[in-house]
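Engineer: Chain C: place on chain L using the hints.
Line by line, the protein sequences give chains L and C. Under the numbering used here, the first residue of the first sequence carries the number 1, and numbering increases by one thereafter. Under the numbering used here, the first residue of the second sequence carries the number 1, and numbering increases by one thereafter.
Some hints could be false.
All copies of an identical chain are treated as equivalent in the list; a pair is satisfied when it fits inside any one copy or across any two copies.
Said to hold, decoys possible - Cross-link-like lysine to aspartate or glutamate pairs, in silico, DMTMM-like; alpha carbons within 25 angstroms at most:
| hint | residue 1 | residue 2 |
| --- | --- | --- |
| 1 | Lys-166 | Asp-119 |
| 2 | Lys-43 | Asp-163 |
| 3 | Lys-43 | Glu-205 |
| 4 | Lys-166 | Glu-64 |
| 5 | Lys-43 | Glu-191 |
| 6 | Lys-188 | Asp-5 |
| 7 | Lys-188 | Asp-117 |
| 8 | Lys-18 | Asp-95 |
| 9 | Lys-188 | Asp-157 |
| 10 | Lys-181 | Glu-38 |
| 11 | Lys-43 | Glu-99 |
| 12 | Lys-188 | Asp-163 |
| 13 | Lys-166 | Glu-184 |
| 14 | Lys-45 | Asp-117 |
| 15 | Lys-188 | Glu-2 |
| 16 | Lys-188 | Asp-165 |
| 17 | Lys-43 | Glu-6 |
| 18 | Lys-43 | Asp-157 |
I should point out that these hints are in silico values taken from the structure, not numbers from a laboratory. Quantities reported herein were computed from a predicted structural model and do not represent experimental measurements.
Protein chains: 2
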Amino acid sequence: MEASDEIGMQTRNLLREKNVLAFNLIGSPGSGKTSLLERTIEKLKPQLSIAVVEGDIATTRDAERIARLDVPVVQLHTGGACHLNANLVHRSLSDYNLEYIDILFIENVGNLVCPVDFDIGEFAKVGVLSVAEGDDKPLKYPLLFRKSSCIVLNKIDLLPYVDFDKARFYSDIENIDSNLKVIEVSCKTGEGIGDWVEWIHQIQEQYSS
Amino acid sequence: MEASDEIGMQTRNLLREKNVLAFNLIGSPGSGKTSLLERTIEKLKPQLSIAVVEGDIATTRDAERIARLDVPVVQLHTGGACHLNANLVHRSLSDYNLEYIDILFIENVGNLVCPVDFDIGEFAKVGVLSVAEGDDKPLKYPLLFRKSSCIVLNKIDLLPYVDFDKARFYSDIENIDSNLKVIEVSCKTGEGIGDWVEWIHQIQEQYSS
Numbered sequence: 001m002e003a004s005d006e007i008g009m010q011t012r013n014l015l016r017e018k019n020v021l022a023f024n025l026i027g028s029p030g031s032g033k034t035s036l037l038e039r040t041i042e043k044l045k046p047q048l049s050i051a052v053v054e055g056d057i058a059t060t061r062d063a064e065r066i067a068r069l070d071v072p073v074v075q076l077h078t079g080g081a082c083h084l085n086a087n088l089v090h091r092s093l094s095d096y097n098l099e100y101i102d103i104l105f106i107e108n109v110g111n112l113v114c115p116v117d118f119d120i121g122e123f124a125k126v127g128v129l130s131v132a133e134g135d136d137k138p139l140k141y142p143l144l145f146r147k148s149s150c151i152v153l154n155k156i157d158l159l160p161y162v163d164f165d166k167a168r169f170y171s172d173i174e175n176i177d178s179n180l181k182v183i184e185v186s187c188k189t190g191e192g193i194g195d196w197v198e199w200i201h202q203i204q205e206q207y208s209s
Numbered sequence: 001m002e003a004s005d006e007i008g009m010q011t012r013n014l015l016r017e018k019n020v021l022a023f024n025l026i027g028s029p030g031s032g033k034t035s036l037l038e039r040t041i042e043k044l045k046p047q048l049s050i051a052v053v054e055g056d057i058a059t060t061r062d063a064e065r066i067a068r069l070d071v072p073v074v075q076l077h078t079g080g081a082c083h084l085n086a087n088l089v090h091r092s093l094s095d096y097n098l099e100y101i102d103i104l105f106i107e108n109v110g111n112l113v114c115p116v117d118f119d120i121g122e123f124a125k126v127g128v129l130s131v132a133e134g135d136d137k138p139l140k141y142p143l144l145f146r147k148s149s150c151i152v153l154n155k156i157d158l159l160p161y162v163d164f165d166k167a168r169f170y171s172d173i174e175n176i177d178s179n180l181k182v183i184e185v186s187c188k189t190g191e192g193i194g195d196w197v198e199w200i201h202q203i204q205e206q207y208s209s
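Okay, chain L solo, but in the shape it has when bound (with noise of 0.2 angstroms):
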């Protein structure tokens, strides 16, 4: 655990010389973590340099849907394991240009625990939640979103149809850290997603300044 932050750490200090922002993005299996990404690398692409690394236990699927978009896209497979891990990610950034990237998302295996807790470089981690998966997540799962620095709330769409109380959502995340950033959006409708991306110019503007 200690040598994987170490490697962690170097990749970081690596994106950092290279003024590369990356975002480790966290969320169950379904939660939307793909599409995201597509309604986002469609909306960044007219002015940044996107790349992505696709974590996955064995299928190629996700990176395939990536590809479509024309962006360069590494698929990382776990073989198994339920995390990616930093030692992956960092030999996986040799695939790239790294003076043309400005920023990197690496999708990680679909899991709302074992992700969490282990550092593969980021600058900042995400948390995609879909309101179908219900509004207790951040009771179960807090770790997550104390790490996040901002979690994304997908499938707004479809709120009229499941039991998700947003109160008890915004107060539960509110008892574990009051100035998290959450952005409710539809990949599906494409409803919020200026919201999000908007974020991430700042962030971006913050990180390159």
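Structural biologist: Frame of chain L; chain C shown alone:
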């Protein structure tokens, strides 16, 4: 891992001897495992004696939901770990008088990956998925489908509002295990719960005879 499998085997032998049928429920956070248990217990309780082991990282929320149904429930905390282990489950059994239990439901930690690898002494694994998670889960998490005796596809009331290609879902499952039982349910409306409970009754009759 070997020692853990050995304890799992001991649990299974003990439950076999006491004629207790144990199911290990595995699914993502928010797939509806606890809701499924609530619906199932309501239906089974008149005929069978039910007990529940709730696995969670830190909270007791799910156990509280089950306790309201007036069945014995033990809450196990994994202390951060992303799956139940055989030892925790084995020790929890001393809290029950197994002579009086017909069916033991063990709800694992919300996670599609890690719990699949750990034998906790169950007779059968049941995979719980929500249609909101998408139709690509068999492709991306094949091990769950290979190791489960039954897949419960939950939240079918959301089918009109999500992009879930049933044909693709079933065809991917067919490629993994053409005999795998899949039961579509909605814990919200109650649709399909009868089929699921009937499946449990069938297994229970085979197990007890």
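Engineer: Work down the list of hints and note, for each, if the structure agrees.
Structural biologist: Each hint, compared with the structure:
1. Lys-166 / Asp-119: Classified as neither; 30 angstroms inside a copy, 37 angstroms across copies.
2. Lys-43 / Asp-163: between (31 angstroms within a copy, 22 angstroms between copies)
3. Lys-43 / Glu-205: within (16 angstroms within a copy, 57 angstroms between copies)
4. Lys-166 / Glu-64: Result: close only across copies, 21 angstroms inter versus 34 angstroms intra.
5. Lys-43 / Glu-191: within (13 angstroms within a copy, 40 angstroms between copies)
6. Lys-188 / Asp-5: neither (36 angstroms within a copy, 43 angstroms between copies)
7. Lys-188 / Asp-117: neither (30 angstroms within a copy, 34 angstroms between copies)
8. Lys-18 / Asp-95: Cα proximity of Lys-18 and Asp-95: one copy only (15 angstroms, versus 57 angstroms across).
9. Lys-188 / Asp-157: Both: 8 angstroms inside a copy, 18 angstroms across copies.
10. Lys-181 / Glu-38: within (21 angstroms within a copy, 34 angstroms between copies)
11. Lys-43 / Glu-99: within (21 angstroms within a copy, 62 angstroms between copies)
12. Lys-188 / Asp-163: Both, since 19 angstroms and 9 angstroms are each at most 25 angstroms.
13. Lys-166 / Glu-184: within (11 angstroms within a copy, 28 angstroms between copies)
14. Lys-45 / Asp-117: Neither: 30 angstroms inside a copy, 40 angstroms across copies.
15. Lys-188 / Glu-2: neither (40 angstroms within a copy, 45 angstroms between copies)
16. Lys-188 / Asp-165: both (21 angstroms within a copy, 15 angstroms between copies)
17. Lys-43 / Glu-6: For Lys-43 and Glu-6, neither the intra-copy (34 angstroms) nor the inter-copy (53 angstroms) Cα distance is at most 25 angstroms.
18. Lys-43 / Asp-157: This pair counts as within: shortest intra-copy Cα distance 20 angstroms, inter-copy 32 angstroms.
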